[in-house]
Amino acid sequence: VLAALRFTPGQLRGVLAIVAALILGAGITGMTAILAKSAVIEETTSQSGRLSVAALQLYQALSQADATAASSYLTGGTPSEEMNDSYREAMRDATVALATAAGEVRSPADTELVAQLNARLPVYTGLVETARTFNRLGEPVGATYQEQASTLMRQEMLPSAHDLQENALGQLSESRTHAEAFPWAAAALTIAALGTLVWAQLWLSRKTNRVLNLGLVGATVLMVGFAGWLAMASLASGNHTERSHDDGAGPLELLSQAEITAQQARAEESLLLIARGEDNDAAVRYEEHITELIGEGRLLDRLDAEFGDDPELSASIDTAREAAETWSSGHGEVVKLAREGSYTDAVALAVGDEETSLSTSFDALNDALTAATKTSADRFADATNDAQRSLSGAAAGLAALALGALICAAVGIQMRVAEYYA
Amino acid sequence: MTQHRTAQPPTATRDGRRSPKRPARLAAAAAAGLLLAACTGPANMEPPNVDVPTPLPAGIDFSPDASPAVPDTSCNPLASYNPGAVTAEQARAQLDDPEQISIGISQSTNLMGYRDPETNRLAGFDIDVATAMVKAIMGDETKVRWVPMISDDREPALADDRVDMVVRTMSITCKRWENVEFSSEYFRAGQRLLVAKDSEIEGLASMTGEQQVCTGASSTSVGNIAAVNTEVQPVTVPDFNDCLVLLQQGTVDAVAIDDTILAGMAVQDPTLHIVGEAFSQESYGIAFQKGNTDLARFVNGALAAMIADGTWQTAYDTWLKVPLGVDAAAPTTTYRD
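Respectively, the protein sequence lines represent chains A and B.
Letter by letter, the first sequence follows residues 1 to 422 of my numbering.
Letter by letter, the second sequence follows residues 1001 to 1337 of my numbering.
Because the hints were derived from the structure by calculation, they are not lab data.
It cannot be assumed that every hint is accurate.
Unchecked claim - Calculated lysine-lysine pairs in the BS3-like style (CA-CA distance at most 30 Å, straight line):
#, chain 1, residue 1, chain 2, residue 2
1, B, K1135, B, K1290
2, B, K1290, B, K1175
3, A, K336, B, K1143
4, B, K1290, B, K1143
5, B, K1321, B, K1135
6, A, K336, B, K1135
7, B, K1290, A, K336
8, B, K1321, B, K1197
Assemble the whole structure, with the sequences as input and the hints as a guide.
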């Protein structure tokens, strides 16, 4: 019996080493997991989040600029104050978004896209201004400049903006997967540490005939707290991150797609008239865009199916559909008038100032989509902030708990070891 | 803690004392790593290579098929139908809607058929000719529906009953005679060159292999250019108006199209002028659906009347005399019967 007892201090130290290693492991993995989550969420609100928002704004602003430039061309040499403002605002939004994106890009591919867009933007505005000048001078060649500007936008700039947006959204959803992941390694180590602590207490009480070892009990309590905090913080931040996607980023992506598609359809409608009804390709492209918007199972249908029961979005989605359908049926009349040679009437119907002009329904569509986009963007920001908040202090707290548990366990076992030398 | 430190065996001390620092250090390292990962990026990236952006029209073709045109002598294209004694009523019987005539025109060919950007009205030489025809056939120049169309659409629009006739810088050729009926020739144009005044180019023949000449994709120009000069590089665009923009932007050195169309371009830019001899003959005629010969006969009579009473000359003087720089008279007409 004495010989066996002589090895007990060694055994105690061995148990302490195992308990210490497990607590340490749980502490480190738990803390790094929370830090990593926090960094990823931080990234969605900063870098990749800002890049996504900038890319989206850029894409929207460019589409809007083109639609406005094309329709204002149709009003002759004197576009309305409102149209002028709308074009200038779209250009400002595009340049600001481009500058923001330039500061946030992290990959060579994105850097090149931003550079491509940056190089083309002044060329585009140059063509638009040349078109306006010739138009003002009454020279028909202005129309060709406007068409060339739109071709540059359609064939080179919008695809680049689209790619940039796709890349940014890809990064964002990758971040989301990381942020939603549960820290399984930390959880497993925590459970192992708790198990070992319980076993060590049973083992000690058998060896020493004392029921409680206060140090180990303290360590166990602290580790239970550790496990609880880890689970709560991870689940809560995961939930908020999921909400940021389902209620925010999800509708945001579809809504902005709808908004951009509507702008592009509007640009094609104007181009059809700028070409004096002699551009069959513009008519085809208009049909493609409007089908993408209101066709069966397309953007507005998808929005309706996914968010139709969302109280904040459903009204906007319904308004958008109604306006889009009014616009689309009115467009048929515009084409008919243009094809029949009633060109002036066609232009008046498409871009005129009257209440009955298609500008009214297009603006209603655009406003409804913009309102819904804003709601979704706010929700995304709120949920991301909540996710961030649910993690605040968790890393430091977990480290403190693990440290406390480690000290308690060491003290508890050390007290038993000391008894052998007393 | 102090109390136990002295009593602790060395191993336990090491474990117990160093452990608190370890997670902190690891955490610091992890945090530093994350920060580093977040901060790497643009600073390490090469500036991207971006091509000089050159705006180009959709559908531009820098290497079109350029086999030299062979003159078609299979018919006498200019011989149309003798007006004879066909009445306006007989002509109207061949309209799709006897109350309203539909005429295919261009709204985008400056000086020939275009929508004046200032007044938003249709104007041009072709429009004046067409209006005279409306007056003759319908007795009222408002009984007309103007149908704008691209040049590729001219023959299908007649065949599909979308229009009764086409007055749209349409050259009379033997090949087209197979699908439509033509009136007698109402204007004789020719393909020439539009170039910058300060360029050395004096004509198509003297252009070099370094130079590019722009023309419409659907016109016969590419073949006509190749028949004169096989060195020069032809460039085609779907809409010839893009040629003017490309010339102004310096992308091409010259535009080769009918002089009537070139005149409409030259008046929009005082730094450009038309040069060289015509290297093709383009005889414009009014086209009708195949079989509508009564309509063609009546229109031939109306054209002859328009030439005789000076309406033709007024139209020419209004639109083309100054830009083309020549006094021209109406072409003499020949009939096949």
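Going down the list of hints, with the structure as the test:
Distance check on the hinted pair: K1135 of chain B and K1290 of chain B sit about 23 Å apart at the alpha-carbon level, within 30 Å; holds. For the given pair, K1290 of chain B sits about 13 Å from K1175 of chain B by alpha-carbon distance, which is consistent with the 30 Å threshold. Among the hinted pairs, K336 of chain A with K1143 of chain B is consistent with the structure: their alpha-carbon atoms are about 18 Å apart, no more than 30 Å. Restraint check for K1290 of chain B and K1143 of chain B: satisfied, since their Cα atoms lie roughly 23 Å apart, inside the 30 Å limit.
With a C-alpha separation of about 24 Å, the suggested pair K1321 of chain B and K1135 of chain B falls inside the 30 Å cut-off, and the hint holds. With a CA separation close to 25 Å, the supplied pair K336 of chain A and K1135 of chain B stays within the 30 Å bound. At most 30 Å may separate the alpha-carbon atoms for a hinted pair to count; K1290 of chain B and K336 of chain A meet this at roughly 26 Å. About 20 Å separates the Cα atoms of K1321 of chain B and K1197 of chain B, which keeps this hinted pair within 30 Å; it holds.
In summary, this structure violates none of the numbered hints.
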